[in-house]
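Peer 1: Residue numbering for the sequence shown follows the UniProt record's numbering, starting at 1 and increasing by one per position.
To be clear, the hints were calculated from the coordinates, so they are not data collected in a lab.
We put the CB at the ideal spot given by N, CA and C, even for glycine.
Keep in mind that the hints are not guaranteed to be accurate.
[Said to hold, decoys possible] Pair ranges (Cβ atoms, derived):
#	residue 1	residue 2	range
1	Asp3	Ala37	31 to 41 Å
2	Gly66	Pro35	20 to 30 Å
3	Asn34	Gly75	15 to 25 Å
4	Gln64	Val42	45 to 55 Å
5	Pro84	Gln12	32 to 42 Å
6	Gln12	Ala70	17 to 27 Å
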Amino acid sequence: MNDDAQRSARSQVALLIVDLQRGMQRHDLPPRNNPGAEARIVELLAAWRAAGWPVVHVRHVSRQPGSPFAPGQPGVEFHPALAPREEEGE
């Protein structure tokens with residue numbers, strides 16, 4: 001791939017970090033089938049940031065009263081190691 005093609009490809013990509021929030025790590029949930037996911041995503045995010053490519057973070061916000069993902073609840077907050085930087089989209 002030549003330099004122009006690489007620049008074009010980079011301008012059309014973004015890493016989407018979806019629903020990696022504190023509420024997903026609750027101990028009252030059933031066991032997960034991907035217990036190492038956060039660690040791998042931390043590695044991916046670090047590499048993506050080092051390359052200077054765009055990152056977009058998406059979080060679930062519930063309208064249900066009492067939900068761990070309701071506004072103001074700790075569960076709605078991003079996983080600390082995966083939280084967006086100021087220059088990254090949310």
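Peer 1: Now tell me, hint by hint, if it's right for this structure.
Peer 2: So, going through the hints one by one against the coordinates:
no.	hint	in the structure
1	Asp3 - Ala37: 31 to 41 Å	holds (34 Å)
2	Gly66 - Pro35: 20 to 30 Å	holds (27 Å)
3	Asn34 - Gly75: 15 to 25 Å	holds (18 Å)
4	Gln64 - Val42: 45 to 55 Å	violated (29 Å)
5	Pro84 - Gln12: 32 to 42 Å	violated (21 Å)
6	Gln12 - Ala70: 17 to 27 Å	violated (35 Å)
Violated hints, in rising order: 4, 5 and 6; the structure is consistent with all others.
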